[in-house]
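Residue numbers (the working numbering), protein chains in the order written: chain W, 1 to 627; chain C, 1 to 380.
Misleading hints may appear alongside valid ones.
What the hints assert, rightly or not - Label-pair restraints from in silico Cβ distances: (1) W/Gln185 to C/Leu258: 46 to 52 Å; (2) W/Arg182 to C/Ile340: 46 to 52 Å; (3) W/Arg15 to C/Trp212: 37 to 43 Å; (4) C/Val200 to W/Tyr46: 24 to 30 Å; (5) W/Arg15 to C/Gly136: 17 to 23 Å; (6) C/Val145 to W/Arg15: 25 to 31 Å; (7) W/Gln185 to C/Arg216: 43 to 49 Å.
Hint data in this document are derived by calculation from the structure and do not stem from the laboratory.
Cβ atoms here follow ideal geometry from the backbone N, Cα and C, with glycine treated the same way.
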Amino acid sequence: MTEFRSPDQEFQGFRRRVVVAMLFILACFALLGGRFYYLQVERHEYFHTRAEDNRIALLPVVPNRGTIVDRNGVLLARNYAAYTLEINPSRVRKLDETIDALAEFIDIQPRDRRRFRKILEESRNFESVPIRTRLSDEEVARFVAQRFRFPGVEVQARLFRDYPLGGTGSHMIGYIGRINQRDQQRIEERGESANYRGSDYIGKAGLELSYERELHGTTGFEQVEVNAGGRAVRLLAREPATPGNDLELTLDIELQKVAEAAFGERRGALVAIDPNDGGVLALVSVPTFDPNLFVDGISTQDWQALNDSPDHPLLNRAIYSAYPPGSTFKPFMALAGLESGKRSIEQRMPDPGFFIYGGHRFMDHRARGTVNMHESIVVSSNTYYYQLANDLGIDGIAGFMRQFGFGSRTGIDVPGEAEGVLPSPEWKRSRFRTPEQQRWYGGETISVGIGQGYNAYTPLQLAHALATLANGGKVFRPHLVRHVVDSRSGERRLIEPEPLRQIPFKARHVEAVRKAMVDVNKSGTGARAFAGAPYEVGGKTGTAQVFSLRGQRYVEGKVAERLRDHSVYIAFAPAHNPSIAMAVLVENGGFGSQSAAPIARQVLDYHLLGRKPGQPAGEDEEAEESQ
Amino acid sequence: MTEQRFHPFNLVRAFVRPIDPVLLAIMAVLLGASYLLMLSASPERAQTQLVNSGVALCAMWAAARLPPQRLLSLAVPLYLLGVVLLIGVALFGETSKGAQRWLDIGVTRIQPSELMKIAMPLMLAWYFQQREGMAGLRDFIVAGVLLAVPVALIVTQPDLGTSLLVAAAGLYVIFFAGLSWKLIIPVVLVGVLGLGSIVVFGDQLCQPGVDWYGLREYQKQRVCTLLDPTRDPLGKGFHIIQSTIAIGSGGLLGKGWLEGTQTHLAFIPERHTDFIFSVLAEEFGLLGALVLLGVYILLLARGFQIALYAPSLATRLLASAITAIFFTYAFVNMGMVSGILPVVGVPLPFISYGGTALVTLCLGVGILMSIHRHRVSSTD
Chain W
1 MTEFRSPDQE FQGFRRRVVV AMLFILACFA LLGGRFYYLQ VERHEYFHTR
51 AEDNRIALLP VVPNRGTIVD RNGVLLARNY AAYTLEINPS RVRKLDETID
101 ALAEFIDIQP RDRRRFRKIL EESRNFESVP IRTRLSDEEV ARFVAQRFRF
151 PGVEVQARLF RDYPLGGTGS HMIGYIGRIN QRDQQRIEER GESANYRGSD
201 YIGKAGLELS YERELHGTTG FEQVEVNAGG RAVRLLAREP ATPGNDLELT
251 LDIELQKVAE AAFGERRGAL VAIDPNDGGV LALVSVPTFD PNLFVDGIST
301 QDWQALNDSP DHPLLNRAIY SAYPPGSTFK PFMALAGLES GKRSIEQRMP
351 DPGFFIYGGH RFMDHRARGT VNMHESIVVS SNTYYYQLAN DLGIDGIAGF
401 MRQFGFGSRT GIDVPGEAEG VLPSPEWKRS RFRTPEQQRW YGGETISVGI
451 GQGYNAYTPL QLAHALATLA NGGKVFRPHL VRHVVDSRSG ERRLIEPEPL
501 RQIPFKARHV EAVRKAMVDV NKSGTGARAF AGAPYEVGGK TGTAQVFSLR
551 GQRYVEGKVA ERLRDHSVYI AFAPAHNPSI AMAVLVENGG FGSQSAAPIA
601 RQVLDYHLLG RKPGQPAGED EEAEESQ
Chain C
1 MTEQRFHPFN LVRAFVRPID PVLLAIMAVL LGASYLLMLS ASPERAQTQL
51 VNSGVALCAM WAAARLPPQR LLSLAVPLYL LGVVLLIGVA LFGETSKGAQ
101 RWLDIGVTRI QPSELMKIAM PLMLAWYFQQ REGMAGLRDF IVAGVLLAVP
151 VALIVTQPDL GTSLLVAAAG LYVIFFAGLS WKLIIPVVLV GVLGLGSIVV
201 FGDQLCQPGV DWYGLREYQK QRVCTLLDPT RDPLGKGFHI IQSTIAIGSG
251 GLLGKGWLEG TQTHLAFIPE RHTDFIFSVL AEEFGLLGAL VLLGVYILLL
301 ARGFQIALYA PSLATRLLAS AITAIFFTYA FVNMGMVSGI LPVVGVPLPF
351 ISYGGTALVT LCLGVGILMS IHRHRVSSTD
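The following block holds chain C by itself, in its conformation from the complex (with noise of 0.2 Å):
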């Protein structure tokens, strides 16, 4: 070792040893389609893009480099300062269309919300870590506790999206951790019954005046739009209705790269950030549709198959919580845009527009990358 040190070979090494191949083969191709599709959608935003995405990777780059431990030891600070921004932007924060979100700190403006996507798993894994072994149900009341006060924050912003993205990231911590089935099936039973209640008896809750407790108007809005996307054609419906039409007259191959009338004649409303995916259904149809199911499946394959190998109970919580975030991401945002989940902000993950969302995301694979450089078969 000691006589490579200078050789510039070892440089490289250094430099390239952090990475995993089939990871960063993955973020090669998610964030090429990003690009292309950017060209389409927005070609004036597909330079800024490629910077946001160059940006995200370098972001990846150092966290693969930090060894999961030195992360874990940063779980609580960077928790309590999560916490702190929020009540700081509860108190202080910018409001931009509606909603508190931003903090301006004088050099920029930030949302605090979007740090609490990694702080979140990290400070509920280096909690099950700490009591390795013996997690108790008081264990997971305090994870609960640690879950809920930043989601209430988040929630009162207001930022449905973001606040569902941070509680499933802890559920999905809690979840791996060992939460009992039995807590868990009636609770998912609940939420099964309730969600199909809201279907069942939609048009009676969705008239005006009726109030839906803990959720805004706009939220309620939401919701009675995807089930009804007739209700308000030119209103709320009108993105609904212009994305599937996008995504269904894409047919089996699509109407072919830059070809897509919904996209070019701007009939698809936020066709750069979270639409984007049907501008990829009406460009490329159902194959290009499935191949990206098919790339995402791979991420999360590849990403379990890390926890798995994780060397300790908090990275592997970690790493199988990151992954099930990507899924989450990815799933709420195709199920919105094709019309079967309720429109909420949620990003394409590394794919639609947006520096900040694909920064955390890749901090998110860096992560990843780092776990796996410790996985317990490895000899490095």
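Just chain W, same shape as in the assembly (with noise of 0.2 Å):
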């Protein structure tokens, strides 16, 4: 602020600034200098690593899920490969307007809107979405010629899960679906994240839910080097994915779809068992639904219709109802008799027609004087049982029956499966609230010696109790899977072939029963069903009670239809070396020898002689001779 300078003094003073600006210019530098350093040497490590994670992405390699055939070979479920148009809902800001858009040359219905929402809001991330599947070609085509219109749109191609039996054999074979937050949890919950990175399906229903370890496969990755917009540049490295394991199954779904077509319209359960190795031939459980369904999101109608159906079509009757088991019950209980010593095997018991316990009067259909083991059978009378069952009390036939697995999962390897009810003291203990509810009565155990009372079985547990009374004994665990076949080495590895245990029948005894169940359909109450059979077969009928009439006669045109009684039968062949063991049920069928037992001769006659209902009788002779 001098007001009077020399030249020369001012010229003084600028040097000095001069020298003050270049030091702090040198001071500025050096910071920078010092920051440089930091960045580049101290801290090289950390944002050298940053910079490899900003640049390399791990994409996964998404395996192709292993297939499911029958034992024939015959595909149940297996993928193809379509074109999806999807939508990457982060980069598209409005996407209905991208959506009426793209409506404009791709046929896109409000059902596909629908399931686009849904995805959409159980969607676990910000992955794509279809709007549309299986595109054709020409639409395929269209999209691509205006492609440019719509960042974040793309055409995918995907593999898709497809039954090509439709609801065949649906309750057994499963389905898959959509992953949803459910799903998502569960994954994490086994640790199996990193392996379903990618994956957008999972095993939901049947087998493709109990096998899905199986099936999925191992995911792959490729290691790739990505852009800041998230684009893979190049591929560094790539982890092949490998592909699920195919399952070759016991099943024979040509026997199966017999069988389901012999039920007509009605409703119903049937299990057919190897005895052989206790695997299941066919599982039946109609209605059916059509799995395809479920692939891409189940509508709302398509649910619901479903859903509400009268007919329960969801309900996988063959191993989650469970019914009494009636008359078919007898078989067992005259085993009972026979291993506890309480009967032998010619003993005659006298049969005045009913059975008094307690002061009430258990009836049967008729009087027939005496009949001894075999005859009670073959005829199927109720007074025999009465007393046998009175014999050995509840505790006795509780535990002989155990041993077969009634009132158990068997452990099936298919999901859903009911334990059924085994009456016993305990069960209605842990069953019933009130000490008065809790008490077990004698003369409940008398209506439990004929299968009725508190007795229910699911038709699998009915069928795997035949299969061990027809092997004398062994008891498998009834599987589906035959073979996991191993997808990298090709190698079959086989599904528990070995018996789970051996129950020690005197072979006398077993031998003794199956005779008589063979007469049944020779002489008793199966016999009409089997008129002209050219095999032996050992079966039994039965009828389970759904509504008791309280000592009233049932007259079955004077009850509602859905009150009737189910119709139950079960059958063995060929009689002296059984190849298959079956229970079937045909909800409100009536009398077992009514509905049930011809089921059964028609699932017969193509699994011992290869004849389909309506087929010439021509090819009988062939197939008899190759018997």
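Two chains, two frames, a set of hints: combine them into the complex.
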């Protein structure tokens, strides 16, 4: 601020300021240099990692899901490639407008839009969501020509699951569906998140669910270099996916078809097991449903139609519904009598046509004077079993029946099996609350003896028990999968060929029961259904009471259809070396001989003779010779 | 002289005479580096940058040919033209990217604020020249007003980067003209305290809803993002985070020319303009960054040397202010790219892509050359 400075003084002042400025500049640059040193040397490792993380992305390579074939190699579940139109919601701002614009040249139905919304809501991440699946080649071409207008919309080649036989065996095969948040949680709990990166589908029901681990395969990875926009620009390394393993079933899908067709419009279930290894030959629950509806998310209408139907098509009656076995329980009771020593094979018992217990008269259809064990099965005497039940006592019955697996899950390899009820005083205590309800009455034992009362078993349990009886006491775990075929080595892993345990029945006793069951179909209650059959078959009819008439006589025509008795039938064949043991149940089908036995006949005709219903008899002879 | 007039060699000499070989060499290095980095950061622009460099060198040569007195005689007209144009921008300017910076003058669009970067120091240097030997407090106040008017106009565009540079240019002239330390030190102290308090109380100040008097929301965001880039890693912090990753991952020797992954996979935003330094630091490492710092120091040292030998007060002030401006460009740009200064739109001098800024900078170098040619010890 010197008002009067000489030019020289002023120049000196200026020089000082230049020096100060230069020092300040050097200080600032030193600061920058220090900052560079800090970033580039001190923290180099950190930033190097960050840059690599930026640059390299791991993209999952989704494995192809394993296929499912029946015992003869018929495809039950397969994959096919198709184009889908997918929208990446994070890259498309106005979803509705974009979909409207797409709909101008690609067929997008309201149904597609609803499904898109649903998937979008359930979506677990911000990956692309399909708006249309199974595009035609023409639609793909049309979209490609317009692609530039639609950033964030892409056509993808994807593998789809397809169940070529539709409803046939749908309860057992099951289906896959899109992974929802609940599935995602389960995946995380099992620690399989890495293997499901990129997977859109997971098994939801049936074999698709229970063999999910085999079918899914191992996800591969591509290490790619990505740019800031997330686009892959270069492939760095690749770890290919391992496809899922294929399943070869014990099931004979043709047998399954015959069985399902034999039911016609009726509701019911049929389980056929090979007594030699526990392999399930047919597992029928009718009505069925089309599993293909579920793959891409079932529409609300389809779901309501299935869910609200009085026939409950989604219910797997074969393994989840428990029914009283009715008289089909008698062969097992008879064996219990023989094994316990309470009865001998030839011992004749009085049969006045009723049995009195505790002042109550338990009725039979007719009086026969006396019957032995054989006759009691052939003519289905009730009185014989009332007495036997009384002699064995409830604990004796329950203890014996437990060996056959009655009242406990068989452990079959499809999910959703019910336990059923094997009645016993313990069961009553755990089932009911008040002491009055919990008390076991002797009269209840009498009803249990003829397969009524609290007895309730799944058709699977019944078939399983029969298979055990038919093979002389070898208990196998029923299973649908015979081999798991390793996708890499082609090695075929056998599932459960070994029996779980052997029940030590006396062969003589088992033989006597089996012989009586064979005569059921020769001269007894199954004779009509099996008239003219060129093979020997052991069987037993049964009628499961739906509605207690409290002593009134049951007249079929007078009872509403849904309250009619269930028709039950069990059979094994050929009698001397059984290759099939089955249980048939027709809901509200009346007597066992009426509805269930004819179905069993058709199934056995196909299984043993290769004859389909309605086929000319000419083929019979051939088949017979090969027997 | 007369007999040599038509000698061809004489023509060459006349052409070469205004050029200072030292500054020219430094220019060659910087413009060469710019071309190399452009080939990596944005190859499709490298060609254009070469043309820009040629045009800028012509401007430099033209400015170098002008004697300092002629230049100073242009100070008032240029300054007034600049202010008028800035007012024009405020009234009729074109808006692009949220700021009104451009003026359409029929033939082309111009950015008058760029003109002020030269006109401002020229005007103030001229002003102090008029008061030679008796610059009083009043003169500093007048200078302050001359400075404040255009800066205010540029701030309202809004263009924080340019207004900062224009303001700095003027302040440097005032500083070198001898503004009392008694005034400078308190101002610097207040500034340091202010910045310090922003750093310390950043979290509270950056809460949404807190209004920073005099700054736009986006300017506030820039400061806040600098204080804590992770506050918005995908949005405003992305630039700083990605450029520091680029610099840090370069390491000691860099990843090699054309090998920078941050650069080539487009993680560095604005990598051909304001963030080109992170390309250099990624591909050439600490070594490249320090070499660049060294070249800038040479440039600044040469600039101050020229100022010390300048023939008059005005040329002295002009030369030193221009030199200090080069420093400001370099420091603010590298400081922002490496994350120690807020992101303000200041290019890396002589290297960032862009013709206008390059021409302005090279005009500055040309003025330095002209002053050098008329230095006191010169017997020319």
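Taking the hints in turn, this is what the structure says about them:
For the pair W/Gln185 and C/Leu258, the beta carbons lie near 47 Å from each other, so the given range of 46 to 52 Å is met. At about 49 Å, the CB distance of W/Arg182 to C/Ile340 agrees with the hint of 46 to 52 Å. The hinted range of 37 to 43 Å is satisfied by W/Arg15 and C/Trp212, whose Cβ atoms lie roughly 40 Å apart. The hinted window of 24 to 30 Å between C/Val200 and W/Tyr46 holds, with their beta carbons roughly 26 Å apart.
In this structure the hint that W/Arg15 and C/Gly136 lie 17 to 23 Å apart at CB holds, the actual value being about 22 Å. Range check, C/Val145 to W/Arg15: Cβ separation about 28 Å, and the 25 to 31 Å hint holds. For the pair W/Gln185 and C/Arg216, the supplied restraint of 43 to 49 Å holds, since their beta-carbon distance comes to about 46 Å.
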